[in-house]
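2 protein chains.
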Amino acid sequence: MLAVALIVILTVKCLTEGALASNSSIDRKDRNREMSLQRLQALRALMSSQRPVLAAYIIPTADAHNSEYIDAADARREWISAFTGSAGTAVVTSSQALVWTDGRYYTQFEREVDLSAWTLMKQTLPDTPTLEKWLASNLKDGDVVGVDPQTMTRDEWTPIQTALKKISAQLVPISNNLVDDVRIELGDPAPKRSHNELAPLHVRYTGRTAGEKIAELRRKMAEKKASALVLTALDDIAYTLNLRGSDIEYNPVFFSYLIVMETNVVLYWGDGQLPPSVTDHLREEGVDSVEGKPYGDILEGLKEMARELSESGDGRHVIWLSNDANEAIHRAASGSDVLKRPIDLISEVSPVKLAKLVKNEIELQGFRNCHIKDGIAVVRFFRWLHDQIDSGEQITEVQASDKLLEFRRDEKDFMGPSFGTIAGSGANGAIIHYSPDREGQQTVIERDHMFLLDSGGQYRDGTTDITRTRHMSGNPTAEQKDAFTRVLKGQIMIGSALFPKGVKGNVLDSFARHALWEVGLDYGHGTGHGVGHYLNVHEGPSGVSWRPYPDDPGLNVGQILSNEPGFYKVGEYGIRHEDLIEIVAVDKGSDHPKAKNLRGDYDGRGVLGFSTLTLVPNQRECIDAEIMTDFEISYVNAYHRRVLDTLSPILKERGLLKDLEWLEGQCIPITRK
Amino acid sequence: MLAVALIVILTVKCLTEGALASNSSIDRKDRNREMSLQRLQALRALMSSQRPVLAAYIIPTADAHNSEYIDAADARREWISAFTGSAGTAVVTSSQALVWTDGRYYTQFEREVDLSAWTLMKQTLPDTPTLEKWLASNLKDGDVVGVDPQTMTRDEWTPIQTALKKISAQLVPISNNLVDDVRIELGDPAPKRSHNELAPLHVRYTGRTAGEKIAELRRKMAEKKASALVLTALDDIAYTLNLRGSDIEYNPVFFSYLIVMETNVVLYWGDGQLPPSVTDHLREEGVDSVEGKPYGDILEGLKEMARELSESGDGRHVIWLSNDANEAIHRAASGSDVLKRPIDLISEVSPVKLAKLVKNEIELQGFRNCHIKDGIAVVRFFRWLHDQIDSGEQITEVQASDKLLEFRRDEKDFMGPSFGTIAGSGANGAIIHYSPDREGQQTVIERDHMFLLDSGGQYRDGTTDITRTRHMSGNPTAEQKDAFTRVLKGQIMIGSALFPKGVKGNVLDSFARHALWEVGLDYGHGTGHGVGHYLNVHEGPSGVSWRPYPDDPGLNVGQILSNEPGFYKVGEYGIRHEDLIEIVAVDKGSDHPKAKNLRGDYDGRGVLGFSTLTLVPNQRECIDAEIMTDFEISYVNAYHRRVLDTLSPILKERGLLKDLEWLEGQCIPITRK
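Chains as they are written, first to last, in this note's numbering: chain A, 1 to 673; chain P, 1 to 673.
Only chain A is shown next, with the shape it has when bound in the complex (with noise of 0.2 angstroms):
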């Protein structure tokens, strides 16, 4: 799935459509239209009840994890905006109410949001003024600004911050989220927060324990001399733990944080009780001494911990955060509403965001084993697909979608969708971040359409996301040929592609623009995500993008990435090419398609390049071998020879004659006339 990243923010932030993008809440929308006025109105009767007076209050996306997918509980924006898109900061004064968004979603506001209420402010417009400017120019000296404050983290508190001061204004944090209050006010208080079963994950998925990965953190905080480091974004702690949970929709992940110390572990976690197989699976793997926590005590035990450090007596104390924590936490741990002198704090890039990006080979293997597992899916899928249309059954996209889910229910390990389902038929497949509504008209995917299909699994050995798009009928234009070729030739430039050690992700996305550019053709996305093992499906902190990842470590062997270009033309069709592939060493003999030119290791760095892990063919007929090179060519025709060396043992033992025979024909190889 494709990872469109917020402009504004430069934290890897990966940003699509997902639950909250979907449409479903049209039958909402008219609700609250009417509601919009009267949830403002309560909310502005909150901010003139504050003391001091809130000229402003501002009102992020964000829960307090920084997640890219949040909770119904931290839906806030969506609730007094009606605006349900993924990215979006509202700011309300008392005469004014706007949504800062980007170009993705201004067809969507202007259909969800009451207009006589809420202004669109189009962020991607170079006339929009940001939010702090537009701040520094409504507002006037000594006003104050509220925002809660674990929902914004410190890289974006700061700017909003220094402008305010430039008009002697003020950005203060106020620690009751008035949203929530006005919900209780209005008695339509948020969904309680979910805390579902934790589960372990063994080491034989994991590879390693969580034992292991705390003492490695351990090693790291004693290089930079920290007494603490606070674990905030959910995935890090899901990794650390070898655990996963179910709290947020199609990632793994539990809302908690993390405080390793020197010689203990404490969890917060919904009541604080850790359940026997939690603390049981900790102490298999080695973590002796874990102390739970209620997840609501975090920034009161943040506190108490400064303040014990800094009366330890026993000389400076420095705490390390991940610089995606929210400023809340940011204050809470240096104790700086407690403490005469706050601790200083280390706030760059969390560990386990660097050590995660680095799959181990056990994490290799189940990436690799899921993949096989997938791709046996998702033939299976298309067979069945183009048998309907052949045969004149009206498939809708969700009933599509739902037939691809009941294939991969199939597959052993298998844990769920590792996002929505993006099935886009026809001119839906243009939109970017389309999902197929379940209510209100159907699209049916026709025979004469192309159709674009964005999915992945969650297994316990690891995660897919695949993206293929296919003419139903096999009948393509010459238009759409052409472009499905150029944006296959994008990715092999990129799968192909050899580049030394160590290089920025960055480096490599204009290869798979080279064949659109040449014809005046683009797509408004990144190229590619990194992808967490049985996590979330978009992980940071590298990724392929023209746009900088500043904490990209640079790539390495092992590391997984996505590797998907596109071309989209609105109105009638989107075509994307998607694979997961895997960062490799090549020398000269390794079995890589350049490997045997090799003549240098670019000065001992050494030669990275790209293993693809995703095992669907591409369609044959939307191909034009006449606009591909000699290489091209061999290169499609090895990996389909590998796609069906792969899944035919696994069909056949499987009795899925007609699906081996499908995959057959799909992978009879491509040739020049």
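Hints listed in this document are in silico derivations from the structure and should not be mistaken for laboratory results.
Wrong hints could be hidden among the right ones.
Same chains, same label: a pair holds when it works inside one copy or across any pair of copies.
In silico EDC-like pairs for lysine to aspartate or glutamate, Cα to Cα no more than 20 angstroms straight-line [unchecked claim]:
1) LYS166 / GLU446
2) LYS481 / GLU621
3) LYS504 / ASP552
4) LYS588 / ASP522
5) LYS224 / ASP127
6) LYS225 / GLU132
7) LYS225 / ASP288
8) LYS673 / ASP630
9) LYS192 / GLU249
10) LYS140 / ASP551
11) LYS165 / ASP645
12) LYS594 / GLU479
13) LYS340 / ASP410
Assemble chain P onto chain A, guided by the hints.
Just chain P now, kept in the frame of chain A:
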């Protein structure tokens, strides 16, 4: 000439060997070594006599204008350490003396510097602490670190200050430069700073009057509500006033500061007496009110301005500085030493940098024209050089450089070299920042050598910068031929690229490396730098590199870049092909090799491509057509055809028939076997 940006500094400060990096100081070296301890002792005594005493003193390379090339008057780090490299920062404490510099200079440092007194800090190695980290771990509570705030930009100042604060030490500005004081004390005062004559550049060369340029700046100031704009970069000032100077070698600039206000302009230059030639010129160009003030009064002048604005009683004032202005300028402009409530500063990329980045039509015509003249000079030179070597003459690299200058001097409006010629024969060609030394042993250009020649000229109508690599007998090895061709393929992939308007230069960098990366080869410098119009040969804020250029506003029509991939085999040979290229708009009707295939304009963003300005053929004998695509072969042949068609009428007219004959031979189309 290649620009190797300093990794630790994000401002676009191109660092190449130049006057400072030459080996011409070899004789001075021994003397300096002897004097090293004496100088250090004197500096340490001075540090001890400061109140408070300085625990450390930092000596950056920069002058007060953050110039790439600096005057001898500013070569303080060189004087104290004897290290002549163009990049590096020295730190002296009571017991230690260190220089942080990058990989280009490790060998040179060890050759030049007294290693018993000085420690080399290899800043490109991951284990080397940064300067601020080193200070933080080697100093103690309460320690004071001094630096001349005129030699450090605010962007460099802030992280050091932050790191020191954490250990309760502090960074303080010392307004007297202590190295200058030591030089006086030891009877070796710094040479006097030049304030050479100023030469107006007529509007027939510049295309826009100084008055028009200043009016545009005032419009931008009004948008930002800035009461004053302080220009500190020497090329910004020369560009704005359409004046050229000769205070710094190769760069036609003059030591000065310029303050633009709503109704008047203040030029800090020399003793403040502006000669009639300058005031007349400015009046003719529509700049009515220019006040001259002594160069040395800038800081006092800024403080005075801050005080006046602060006391004016007409509301809030803002002063606009370039983000590469030094710390002393920032402090003075805000009045932070003299005002209770300092003036607010806008510290961002100078509007002049953005204005001069995009050349106007007159400047572009000048660029095209001076490249014809430069092509004639370089073609004549290479014909001469081959003749000499073929007839058994011993030509040294220095003699070749001198002869090239002679040929350039024959051309109209030639004003001098645009940088120190890099003429590297054989193994010298692999030394990226090589410059032949006039003193000591001379290297003869051998007939079986690859010879790399990187040179350029300043003309009144533009600036050139060209590298050609030639095998002197036309018999390269197969390996040399392969590398030569791959570098050329990279240059063609850039030169022929189409890309959306507004993308940053970074996105093109990998195109230049693709053919090299495929076989494990690379080069350790950027691919392209901006070029000034009869100004600095390295001009920001854009560039083509894997390194980010944070102030790059995006590529646009009318920008000039270099296109210079390379390959260097240490100890054997170096290859670099460098053209200057102009960004042009491309549509289906354009004269561009890919124009006719266009089927989109990137959804309205617009299609950009390049037109090559440089007009000198690449050596046919070094090109391996067998590893080139049909497109690449026809691209090279079309380029050679254009070179011949453009230069041959001039050679004919000037009766240079032997040169013409040679050029015709060079431009015969290449073909595959």
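Hints versus structure:
1. For the identical chains of this complex, LYS166 and GLU446 are neighbours neither inside a copy (58 angstroms) nor across copies (65 angstroms), given an alpha-carbon limit of 20 angstroms.
2. Taking the closest pair of Cα atoms, LYS481 and GLU621 come within 20 angstroms of each other only inside a single copy of the chain (8 angstroms); across copies the shortest separation is 41 angstroms, beyond that limit.
3. Taking the shortest Cα distances, LYS504 and ASP552 sit within 20 angstroms of each other both inside one copy (6 angstroms) and across copies (19 angstroms).
4. Proximity of LYS588 to ASP522 under the C-alpha cut-off of 20 angstroms is restricted to the inter-copy arrangement: shortest distance 17 angstroms between copies versus 34 angstroms within a copy.
5. For a Cα distance limit of 20 angstroms, the shortest separation of LYS224 from ASP127 across copies, 13 angstroms, qualifies, whereas the shortest one inside one copy, 43 angstroms, does not.
6. Only between protomers do LYS225 and GLU132 lie at most 20 angstroms apart by alpha-carbon distance; the minimum there is 16 angstroms, versus 36 angstroms within a single protomer.
7. With identical chains, the CA atoms of LYS225 and ASP288 are never at most 20 angstroms apart, being 22 angstroms at best within one copy and 61 angstroms at best between copies.
8. In this assembly of identical chains, LYS673 and ASP630 lie within 20 angstroms of each other by CA distance both inside one copy and across copies; the values are 13 angstroms within and 19 angstroms between.
9. Proximity of LYS192 and GLU249 under a CA criterion of 20 angstroms is satisfied intra-copy only: 15 angstroms inside one chain copy versus 71 angstroms between copies.
10. In this homomeric assembly, LYS140 and ASP551 never come within 20 angstroms of each other (Cα to Cα): the closest approach is 36 angstroms inside a single copy and 31 angstroms across copies.
11. For the identical chains of this complex, LYS165 and ASP645 are neighbours neither inside a copy (65 angstroms) nor across copies (62 angstroms), given an alpha-carbon limit of 20 angstroms.
12. For the identical chains of this complex, LYS594 and GLU479 are inter-copy neighbours only, at 18 angstroms across copies versus 31 angstroms inside a copy, given an alpha-carbon limit of 20 angstroms.
13. When the C-alpha separation of LYS340 and ASP410 is checked against a cutoff of 20 angstroms, the pair qualifies neither within a copy, at 60 angstroms, nor between copies, at 73 angstroms.
Hint compliance for this structure: hints 1, 7, 10, 11 and 13 are not met, and every other hint is.
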